[in-house]
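Asks: Spelled out from the first residue to the last, the chains are:
There are 4 protein chains.
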Amino acid sequence: MKKRMVFGVVGGDIRQGKLAELLAGDGHKVHMFGLEKLQDLPNLPQAENLKEALKADCVILPLPVREDNGLNMPFSTQQCSLDELVKTLQPGQIVCAGMVPPYLALAAGEKGVKLYDYFAREELAVATAVPTAEGAIQLAMEELPVTISGARVLIIGYGRLGRTLAPRLAALGADLSVAARKYSDLAWIEASGWKPEHTEKLDEKLGRFDLIINTAPARVLNEKQLLELNKDCLCIDLASRPGGVDFETAAQLGVKVIWALSLPGKVAPVTAGKAIRDTIYNILQELGV
Amino acid sequence: MKKRMVFGVVGGDIRQGKLAELLAGDGHKVHMFGLEKLQDLPNLPQAENLKEALKADCVILPLPVREDNGLNMPFSTQQCSLDELVKTLQPGQIVCAGMVPPYLALAAGEKGVKLYDYFAREELAVATAVPTAEGAIQLAMEELPVTISGARVLIIGYGRLGRTLAPRLAALGADLSVAARKYSDLAWIEASGWKPEHTEKLDEKLGRFDLIINTAPARVLNEKQLLELNKDCLCIDLASRPGGVDFETAAQLGVKVIWALSLPGKVAPVTAGKAIRDTIYNILQELGV
Amino acid sequence: MKKRMVFGVVGGDIRQGKLAELLAGDGHKVHMFGLEKLQDLPNLPQAENLKEALKADCVILPLPVREDNGLNMPFSTQQCSLDELVKTLQPGQIVCAGMVPPYLALAAGEKGVKLYDYFAREELAVATAVPTAEGAIQLAMEELPVTISGARVLIIGYGRLGRTLAPRLAALGADLSVAARKYSDLAWIEASGWKPEHTEKLDEKLGRFDLIINTAPARVLNEKQLLELNKDCLCIDLASRPGGVDFETAAQLGVKVIWALSLPGKVAPVTAGKAIRDTIYNILQELGV
Amino acid sequence: MKKRMVFGVVGGDIRQGKLAELLAGDGHKVHMFGLEKLQDLPNLPQAENLKEALKADCVILPLPVREDNGLNMPFSTQQCSLDELVKTLQPGQIVCAGMVPPYLALAAGEKGVKLYDYFAREELAVATAVPTAEGAIQLAMEELPVTISGARVLIIGYGRLGRTLAPRLAALGADLSVAARKYSDLAWIEASGWKPEHTEKLDEKLGRFDLIINTAPARVLNEKQLLELNKDCLCIDLASRPGGVDFETAAQLGVKVIWALSLPGKVAPVTAGKAIRDTIYNILQELGV
Numbered sequence: 001m002k003k004r005m006v007f008g009v010v011g012g013d014i015r016q017g018k019l020a021e022l023l024a025g026d027g028h029k030v031h032m033f034g035l036e037k038l039q040d041l042p043n044l045p046q047a048e049n050l051k052e053a054l055k056a057d058c059v060i061l062p063l064p065v066r067e068d069n070g071l072n073m074p075f076s077t078q079q080c081s082l083d084e085l086v087k088t089l090q091p092g093q094i095v096c097a098g099m100v101p102p103y104l105a106l107a108a109g110e111k112g113v114k115l116y117d118y119f120a121r122e123e124l125a126v127a128t129a130v131p132t133a134e135g136a137i138q139l140a141m142e143e144l145p146v147t148i149s150g151a152r153v154l155i156i157g158y159g160r161l162g163r164t165l166a167p168r169l170a171a172l173g174a175d176l177s178v179a180a181r182k183y184s185d186l187a188w189i190e191a192s193g194w195k196p197e198h199t200e201k202l203d204e205k206l207g208r209f210d211l212i213i214n215t216a217p218a219r220v221l222n223e224k225q226l227l228e229l230n231k232d233c234l235c236i237d238l239a240s241r242p243g244g245v246d247f248e249t250a251a252q253l254g255v256k257v258i259w260a261l262s263l264p265g266k267v268a269p270v271t272a273g274k275a276i277r278d279t280i281y282n283i284l285q286e287l288g289v
Numbered sequence: 001m002k003k004r005m006v007f008g009v010v011g012g013d014i015r016q017g018k019l020a021e022l023l024a025g026d027g028h029k030v031h032m033f034g035l036e037k038l039q040d041l042p043n044l045p046q047a048e049n050l051k052e053a054l055k056a057d058c059v060i061l062p063l064p065v066r067e068d069n070g071l072n073m074p075f076s077t078q079q080c081s082l083d084e085l086v087k088t089l090q091p092g093q094i095v096c097a098g099m100v101p102p103y104l105a106l107a108a109g110e111k112g113v114k115l116y117d118y119f120a121r122e123e124l125a126v127a128t129a130v131p132t133a134e135g136a137i138q139l140a141m142e143e144l145p146v147t148i149s150g151a152r153v154l155i156i157g158y159g160r161l162g163r164t165l166a167p168r169l170a171a172l173g174a175d176l177s178v179a180a181r182k183y184s185d186l187a188w189i190e191a192s193g194w195k196p197e198h199t200e201k202l203d204e205k206l207g208r209f210d211l212i213i214n215t216a217p218a219r220v221l222n223e224k225q226l227l228e229l230n231k232d233c234l235c236i237d238l239a240s241r242p243g244g245v246d247f248e249t250a251a252q253l254g255v256k257v258i259w260a261l262s263l264p265g266k267v268a269p270v271t272a273g274k275a276i277r278d279t280i281y282n283i284l285q286e287l288g289v
Numbered sequence: 001m002k003k004r005m006v007f008g009v010v011g012g013d014i015r016q017g018k019l020a021e022l023l024a025g026d027g028h029k030v031h032m033f034g035l036e037k038l039q040d041l042p043n044l045p046q047a048e049n050l051k052e053a054l055k056a057d058c059v060i061l062p063l064p065v066r067e068d069n070g071l072n073m074p075f076s077t078q079q080c081s082l083d084e085l086v087k088t089l090q091p092g093q094i095v096c097a098g099m100v101p102p103y104l105a106l107a108a109g110e111k112g113v114k115l116y117d118y119f120a121r122e123e124l125a126v127a128t129a130v131p132t133a134e135g136a137i138q139l140a141m142e143e144l145p146v147t148i149s150g151a152r153v154l155i156i157g158y159g160r161l162g163r164t165l166a167p168r169l170a171a172l173g174a175d176l177s178v179a180a181r182k183y184s185d186l187a188w189i190e191a192s193g194w195k196p197e198h199t200e201k202l203d204e205k206l207g208r209f210d211l212i213i214n215t216a217p218a219r220v221l222n223e224k225q226l227l228e229l230n231k232d233c234l235c236i237d238l239a240s241r242p243g244g245v246d247f248e249t250a251a252q253l254g255v256k257v258i259w260a261l262s263l264p265g266k267v268a269p270v271t272a273g274k275a276i277r278d279t280i281y282n283i284l285q286e287l288g289v
Numbered sequence: 001m002k003k004r005m006v007f008g009v010v011g012g013d014i015r016q017g018k019l020a021e022l023l024a025g026d027g028h029k030v031h032m033f034g035l036e037k038l039q040d041l042p043n044l045p046q047a048e049n050l051k052e053a054l055k056a057d058c059v060i061l062p063l064p065v066r067e068d069n070g071l072n073m074p075f076s077t078q079q080c081s082l083d084e085l086v087k088t089l090q091p092g093q094i095v096c097a098g099m100v101p102p103y104l105a106l107a108a109g110e111k112g113v114k115l116y117d118y119f120a121r122e123e124l125a126v127a128t129a130v131p132t133a134e135g136a137i138q139l140a141m142e143e144l145p146v147t148i149s150g151a152r153v154l155i156i157g158y159g160r161l162g163r164t165l166a167p168r169l170a171a172l173g174a175d176l177s178v179a180a181r182k183y184s185d186l187a188w189i190e191a192s193g194w195k196p197e198h199t200e201k202l203d204e205k206l207g208r209f210d211l212i213i214n215t216a217p218a219r220v221l222n223e224k225q226l227l228e229l230n231k232d233c234l235c236i237d238l239a240s241r242p243g244g245v246d247f248e249t250a251a252q253l254g255v256k257v258i259w260a261l262s263l264p265g266k267v268a269p270v271t272a273g274k275a276i277r278d279t280i281y282n283i284l285q286e287l288g289v
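Residue numbers (this note's numbering), protein chains in the order written: chain Y, 1 to 289; chain W, 1 to 289; chain S, 1 to 289; chain A, 1 to 289.
Because the hints were derived from the structure by calculation, they are not lab data.
Treat the numbers as computed from the prediction; the structure is a model and nothing was measured.
Any given hint might turn out to be false.
A pair holds if it fits inside one copy or across any two, identical chains being indistinguishable in the list.
What the hints assert, rightly or not - Simulated crosslink set (DSSO-like; lysine-lysine; CA at most 27 Å straight-line):
id	residue 1	residue 2
1	K274	K256
2	K195	K2
3	K266	K256
4	K3	K201
Only chain Y is shown next, with the shape it has when bound in the complex (with noise of 0.2 Å):
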């Protein structure tokens, strides 16, 4: 990777703007646009419109790219539609965004821009796990009349969240069960010392923990789950819509859930800045610029 590179930072939230803090920080010459009613903007050159900020030689658009159909620039008055965004992007420019929406892609491809989706990347998906445990942590240390030590938690699955919280969640002394379908992930779950438990023959045991955190992207509990619950226990739910929980009927029989969604950008937007530029870097790196 180059020494010295131009970015354009387009659009997005905290995140960005941290992120353009953190390529000039490493001597990039970078500038922004989008972002300019961000609270503590960078001190950083802001591009006069939309031409001038993608004049460069590696463009960074938000996670996600689009909002509704235009590009995701909540901090910012000015609006663009993907299609201009593409047609004012140069054939053979190298462009990292993410959650790249399948139009967007094909418009880019055509136009002959290398668009890469940073947030397809898995060591980005590893990094972002670690501001995504904290904030479930922190979360469960502000509902919970108890402390994680010694509180009997549940992990419902074992990717790439669940191995991030169950080491954490073990370390602050919670007495700690998870939950897995694969005999493969059980038996990590057994050789780090965990409570093992398959996921379709959980019901009946639900009633013993005082915090459950679902991290499967699957209806993992539903009414007759809920029911099972004790009445102080408190659900955090990891899983992207539609979510984990029947929240309807959680709501109608008391029990107290928290849909987490963004955690990473809510509780730790310097670090998930950093861990889309070291993302960024490893693309750069991979393309030999």
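Model the placement of chains W, S and A on the given structure of chain Y, informed by the hints.
Replies: Using the frame of chain Y, we list chains W, S and A on its own:
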């Protein structure tokens, strides 16, 4: 200890309510007094007056027992002076209270009341360190724009609180330094795999940290030290009055300081109530009751 | 899975003996064959000959199933060719074996025997990583004149073994670096609080370490790398044949290398036998037996 | 402490050799005496006789300083009585020694020698707990046919050694119980997430464990207790003379007991030497040398 005792739980806050509930859950006979305005008031008998309230094998007074010059009863419409309290107690009666002032100890002694200060017991101090540590971690997670994972953290002091905080922060991925004065504490810190620092040689190193948690009962961060801090550094002061930070100067310099007192009752009242119960059981056990 | 099955445990080493004992302890009917010279032979029925041995709901053959061209039976005075074995098995019979060679798989298939390779199952590989990791730690403790606490340790590779070793060494106080090639593995390593290193950029950093444990199935330490090592550095190679170190050059250079193979059976045969039992139960469960 | 001092390192074992090497590596002038038969003898000047050896700003005598009635010099062909030693020392000279007997302290005091017992210092005891703990873990790994991961382990005593062992065994995956007598220690054990046990109420629970490590300086395992043990249970006794186990009865009952003394010098002499050096530096620092 007898299987079934009569406890009178008098005054205090939500911790006393939880304590009453726990005692009843263990099979004891419990009545309360001076907690009637408590939200989530346990469904237990209320004594009609102080005299009825004190008819018990063991009377449990709040932590702290005194507020201004009377009994600490913020969730009651009633008031009660310490003199009236002592007058109503019986010679030979067992009374447990938190932070007993010398005047009360003396008056109780003259009357022949067996008064024990549960707050003076080491096991309660240890058990209380856990909710304090979790409260501090929660505050750090709420306030910092970065994750604990990867943050450069300094704990000042290696007493009970330092020892409780350090393994938790390290397990959350902090790059951890711990400052102490005693060589043996420094040896413990090193043996635990953290970076030891002499408290007296900290000054020029203070600029390295993202988070500083003071647990030492001493004014450790004066103007000279505050000037060294990195501008985004968060300070959490857990020292009791008068505190470990020159708050006025910190405010002038724009250093973010949180003086966090009485965390256990705030962040984990159930755990705090449980710790008081366990300590009272230990007292009764030692008395051979 | 049925409560009470008949198992025939044939050949192998102490792990097979422990496995037979565990199965019997779970209430199953178990007989053994080809283990008669084992020290601590379980007090269970011995089959008189191969034919009797194979009369079972489930036959368990050793890990590895083949030694030279016959069945692996080092603790027996008898011998048995794979042909004879297949001839004696019944069509439809369930047989579990470890490291099944293609020839045996084919012959069993033709005969209609239901042959399952438990060694190919991910959960066994995971469960086996724990005794391997403990064996490697034991070797390091035996050989190093310093404690793991404070030692500068490098793990090469972040597969199952690397993931099992890393948290253990870190918890013992090692100053831990982990080398991997994939960006997502590097992200995991960083998220866990250890120092990430690119395997391809290790060379000039190798001189820093007191202990290097190779878990990668590749020749990672050649002459060039060995020349960089600190003279007191210990290398433990956990890679299976042909190994990850140029052993000849290492010997010439005076580098201390231990090539540690088959640790589970050596350091924790009971744990190894238990892991095989659990895996066989999973196979039977999936078969709906 | 002065940048460059003259140290005379006299007698002792491999730890003294390593200590001499470390002092020289820090830039000090070092000569040795009474270590000439040591394998891996450091390449440092050898004093010709005791008188030359003691010409130093600081003389370092071994741990323990006395063996039988003379100076502890197992790696020397020479011998030296304590009387001769004191006679040759100079009034006002700084001497550091380990486990100083009263006779030597008195004689040195009369002569005006500044004699310091580094073994009496808390920081050395703490630093020594780490190699002792690792040595005990190594023994357990060597002797047990199961992994530490999943083993049911009891540590008796929660002093320095118990506190060092407990987090390590827990991190290796042990199902950990810790027995202590003091309520505050039990509170620490519980706050750390392990199972607390009253030492006096252990008897009927002893049959549950796969491994028992005694760290308490008391005879805790007598016939009554030994009879309760599970037949495969391994006992490691770290108590100094007369030890915490009735060894004779254990032998009769077939209980496997390892009485492990002086582990640091055996399992990690370099670390042990380093700990002594750090302690001597602290002594000199306090003296303002």
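Asks: Is it within a copy, between copies, both, or neither that the alpha carbon of K195 lies no farther than 27 Å from that of K2?
Replies: between (48 Å within a copy, 24 Å between copies)
Asks: Checking an output row: K274 and K256, CA cutoff 27 Å. Within, between, both or neither?
Replies: Classified as between: cross-chain Cα gap 23 Å, same-chain 33 Å, threshold 27 Å.
Asks: Cα distance capped at 27 Å. Does K266 pair with K256 within a copy, between copies, both, or neither?
Replies: The answer is both: 21 Å in one copy and 19 Å across copies each meet 27 Å.
Asks: Given identical chains, is K3 near K201, meaning Cα to Cα at most 27 Å, within a copy, between copies, both, or neither?
Replies: between (54 Å within a copy, 18 Å between copies)
Of the numbered hints listed earlier, not one is contradicted by the structure.
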